[in-house]
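Novice: So the chains spell out like this:
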Amino acid sequence: MDSVNAKYVSQKISKTRWRPVSHSTLQQPDIFATGSWDNEDNKISFWSIGESGSSSLDDGFEGDPQLLCEHKHDGDVLDLQFLDQDKIVTTSSTGAVTIFRHHQNSQTISVSQRWPGVHCYPCDNAPCTGVVCSSPEIVTVGEDGRIVVFRADQEGVVRVIENADSSTIHAVTYLRTTEILTVNSIGQLKLWDFRQQSNSPSQILSLSGDRVPLHCVDRHPNQQHIVATGGQDGMLCVWDIRQGSAPFSLMEAHSAEMWEVHFHPTNPDHLFTCSEDGSLLHWETSAQSDMPSFLQGGRNNSMISRSAMAPAGGNQSLISAWLNGDSSKGRVETTHMLPSQTLSVNSLDVLGQCLVCGTDGEAIFVNRQVPV
Amino acid sequence: MEELDVEPAITNIPAASDGKHLGFAWGPGDLLVYETLYKASSGAKGSGCSFIHEVRKDEDIYSPILRKLFNESHHIFVGLQTIQEDLPSKNKKPQFVSISKNYRSVIRACMEELQQVAVSTKDAKVAMQYGNQVSILLAIELIWNLSEVLFIDSAPAGSLLLHLLDWVRLHKADVDEKATEVLQSESPAEHKDYWDVVLSYVMQGRLEESRQMLVKQATLHPAPRSMYKLMDTLLSKMPFYNPGGNQTLTEYDVKWRHWHEEVDRCLQDNSFASNKHLEIICRILVGDEDTLLEHKELLGTWYHFLVTRLLFSHPTVQPTELHYYAQSCMTMFLDSRSVPEPLDNILLAAFEFDIHQVIKECSIALNNWWFVAHLTDLLDHCKLLQSHNVHFGSNLREFLLLEYASGLFTHHSLWQLAVDYFDHCPDLGRVYLELQIERVPLNTERKALKVLRICEQRQMSEQVRSICKIMAMRALKNNRLGSALSWSIRAKDAAFATLISERFLQDYCARGTFSDLDLIDNLGPAMLLSDRLTFLGKYREFHRLYGEKRFGEAAKLLLSLMTAKIAPRSFWMTLLTDALPLLEQKEVIFSAGQTYELMFCLEELTSSLSSVAPATDGTMQDEDIEQTKVELLRLALARNLAMAIVKEGTVST
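Chains A and B, in that order, are what the protein sequence lines are.
FYI, in UniProt numbering the residues of the first sequence are 1 to 372.
FYI, in UniProt numbering the residues of the second sequence are 1 to 653.
What the hints contain is simulated information worked out from the structure, not anything from laboratory work.
Remember, predicted model here, so these are calculated numbers, not experimental data.
All residues carry an ideal CB built from backbone N, CA and C; glycine is no exception.
Among the hints, erroneous ones may be present.
[Claimed, not checked] Dumping the calculated DSBU-like pairs for lysine-lysine here, alpha-carbon to alpha-carbon at most 35 Å:
| id | chain 1 | residue 1 | chain 2 | residue 2 |
| --- | --- | --- | --- | --- |
| 1 | A | K87 | B | K122 |
| 2 | B | K447 | A | K43 |
| 3 | A | K87 | B | K447 |
| 4 | A | K7 | B | K125 |
| 5 | A | K7 | A | K87 |
| 6 | B | K178 | B | K237 |
| 7 | A | K7 | B | K101 |
| 8 | B | K556 | B | K586 |
| 9 | A | K43 | B | K68 |
| 10 | A | K72 | B | K125 |
[Said to hold, decoys possible] Quick list of simulated restraints, FRET-style, between CB atoms:
| id | chain 1 | residue 1 | chain 2 | residue 2 | range |
| --- | --- | --- | --- | --- | --- |
| 11 | A | D210 | B | K477 | 21 to 31 Å |
| 12 | A | T108 | B | E177 | 33 to 43 Å |
| 13 | A | Q85 | B | S394 | 54 to 64 Å |
| 14 | A | D84 | B | L528 | 49 to 59 Å |
| 15 | B | V55 | A | Q104 | 41 to 51 Å |
| 16 | B | L170 | A | Q85 | 43 to 53 Å |
| 17 | A | S3 | B | H221 | 50 to 60 Å |
| 18 | A | P20 | B | L138 | 40 to 50 Å |
| 19 | B | S394 | A | I204 | 47 to 57 Å |
| 20 | A | V111 | B | P525 | 40 to 50 Å |
| 21 | A | D84 | B | K477 | 36 to 46 Å |
Next up, chain A with everything else stripped away, as it sits in the complex (with noise of 0.2 Å):
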């Protein structure tokens, strides 16, 4: 907990999202970009943590993060995600979607391009709660309904999927380069394929009976069919897409809506849960510290089948941790991420060892220092 860092930044925080880093260098991110909503002028910044690797580990204070530039967003911000090293895309509750550039030599922010109402419905503005980009793709989804397709070279919309939902769409993630994931509020996940021309889903995998309204969801980076989701009631479900249309496991999580959820982009047995409980959780697989991981595959037979169709990609286990068992029997641990906390936590964001979480009490933590 030493190492958690609180920043109050008199904005509630909607969203956080570390710049990446290049794979090649081993490097800890160092810069990070904020969305704020319900302001009446709400905001996207950056925020620098300082030169990585300086003496500040040492000194609680120092890594304060610093505001390095900001720039007016119309509406709330909804969800944020940098398209590359400098660009980043926001959707609005105005319905716009905007890709803002930030100038590293002089600190500033400019207006890249921009689709104002995008979504919208037949006499109003809809808000746009979701976006995915896999440079230049873009994907957004809305409380209309719809799927958007944009490409950020190219001023037009290049697809759209109207009334791809009855209800709202609460979340996008891509599954592979043509596929794309969606939540939505009545508790189903689905499969959209744009190789096909059809305007519905590929496939369609529910929560059975209770219709809770699912609110994010994450991939599995490096096995393509685990996904994870959060809900309104707090829990935590993983998926496998090949296996039925139900949850493989469902795990009890937080006491109220979970608002994100994260697996670590590399070090993928670690997960993290946000909510709006005011909770950070961080979510532990494979305990069984005595074993390396790629023997693990052969350890509990009956399992094996179910991995039948995994993909062998290098020295990963071959069945996923977390779908290897069931975490009534311990082998999921859980640890609270932030100390005593009671406004919601809207975001968060994990890259390395480094984790920003943003508030509705208006603060930023930031961890440098995540046990993975």
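Put chain B on the given structure of chain A with help from the hints.
Specialist: Coordinates of chain B only, in the frame set by chain A:
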């Protein structure tokens, strides 16, 4: 009518010219003012000003830096409320003191940031505004610190003075700046402020530091070295009470008197007569009020004078005696002409241990409830505010918290903080929250979900219903039937679910296909919310079964929709028409019994229609179509019945 404590302040509405009449409406924190016509009888004519003015009592809430104060103190406040009630109050005191210190450190942090901005800004007006805020926070911190010493920590005689010394030192920190300046100069002893610094140190009881300063002078003037040495001894020998030690207060008192007499002796035999500065120091040490008053500008304030005077004449002052000294010091220090400022009155009230007067004066002097609300809450937790009933609301603490939280609720973003404050007002907090929460503007679903969560956690079902209804209506307006249905299911609003189901069925009748299948197919138990919704779900199920060529099940379901009276009568014709293709299948799907029931339904429908028909003026064509439909149905039913009887007869034999 009660007497007013202060004259109300006058606010000028800039655009409202003389001779106009103003109307107004109270908001939770603000006031709306508009121009109005005086004579109601003469009809609404004439050109009035079309502006509505918003008059805000509290501008501070919109300051970005002060927002940090609100947010951080909210966190401390919530922590304070969770301190266990059952602990004996003795054990809680250190906790309360540490919470009080937390509050103060938040104020300090905020002050420092404001100070920085005030210095760095180029806009003189902004700088002044920030400067004002800094001085207000300074005063707040001063009062809070004194309250902490006197009320929360309630230090006994002996340590009381030590605390008061700390208090003065903290708020008269300019001595240190001056001292650094002096020490950094080429020859400190010659610096013009040298003696000021020494005297200030002595008056704050920082004798060690003053001795170090004196050494510099002593080395410069070797001649009267013995004099400096004597002063050094006097300073070093002055006893201070040590609350942790095993010395009793009486022992300390005896020791101190002994020292005092020694200083007095030095003064009497003119030991320092040749050096006026040392003479002054000696007079201060002996507690000479006139000498102290001659150095007013170094003391700065009457309460510094009070503490210094106590230090050198009554170090074992009892808390109960404080007010006597405070009053006399204030009269001595302030000119007879000058009127005491609000801050003076507040501090004086604190020295008199009149907590309610302190809170009252603060409420009048400050334009924000932040300070009084939090201080009162803390004092209330310390059980210091017994049985003081206000003649409005429930009690003082709750009244102030409610006012503060209501102010927060008017803010577009800080309203979330107010919820926790309302939670900790047992009497009226819930009512306030109920009234306010419904009025939060909901521009996105995410915000609506957050507001809903607040309501659901507190079992405020009325508000939950109303918020869901708002969202459902909005979705309906935007032609998002699926969303609208989801919201009304969440609210368990049967009437609205019926309305939306009707819309779905109308759409189906008009277009022949269902929209939003993903939702309707997954209704689950939510289907039971309203009859119409059940029908919608079941009717869609019929279509699905039919589509999957599970005719037997489909037929059974279709029939049960009518016989169990789930389907509205107006829809029966459609259902019977849906039965037609099933009747026309090659194999028998409806059994004889089922066919009888279908026939019964058809007859019931036609008889009820014909009884109404004469009254209506339907076009002939429509009637014709209906008539043909009925005849077709009768024919199909009869044929099916025949086939069924034959088939059933065959099987039974």
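Novice: Okay, A:V111 versus B:P525 on CB: inside 40 to 50 Å?
Specialist: The hinted range 40 to 50 Å holds for A:V111 and B:P525, with Cβ atoms some 48 Å apart.
Novice: Are the Cα positions of A:K87 and B:K122 separated by 35 Å at most?
Specialist: At roughly 33 Å apart (the allowed maximum being 35 Å), B:K122 and A:K87 satisfy the hint.
Novice: Please work out if A:K7 and B:K125 have their alpha carbons no farther apart than 35 Å.
Specialist: 28 Å, holds
Novice: With 47 to 57 Å as the target window, see if B:S394 and A:I204 comply at their CB atoms.
Specialist: 54 Å, holds
Novice: Could you say whether the range 40 to 50 Å given as a hint is met by the Cβ separation of A:P20 and B:L138?
Specialist: Since A:P20 and B:L138 have Cβ atoms about 46 Å apart, the given range 40 to 50 Å holds.
Novice: Is the gap between the beta carbons of A:D210 and B:K477 within 21 to 31 Å?
Specialist: 28 Å, holds
Novice: Is the gap between the beta carbons of A:T108 and B:E177 within 33 to 43 Å?
Specialist: 38 Å, holds
Novice: Within 54 to 64 Å or not, the Cβ separation of A:Q85 and B:S394?
Specialist: Between A:Q85 and B:S394, where Cβ atoms are some 58 Å apart, the hint holds.
Novice: Please verify whether B:K556 and B:K586 have alpha carbons no more than 35 Å apart.
Specialist: Holds - the C-alpha atoms of B:K586 and B:K556 are around 17 Å apart, at most 35 Å.
Novice: Between A:K72 and B:K125, does the CA-CA distance stay at or below 35 Å?
Specialist: Roughly 24 Å between the alpha carbons, so the hint for A:K72 and B:K125 holds.
Novice: Going straight from one Cα to the other, do A:K87 and B:K447 come out at no more than 35 Å?
Specialist: 27 Å, holds
Novice: So if I understand the rule, the pair passes when the alpha-carbon distance is 35 Å or less; does B:K178 with B:K237 pass?
Specialist: 26 Å, holds
Checked against the numbered hints given earlier, this structure breaks none of them.
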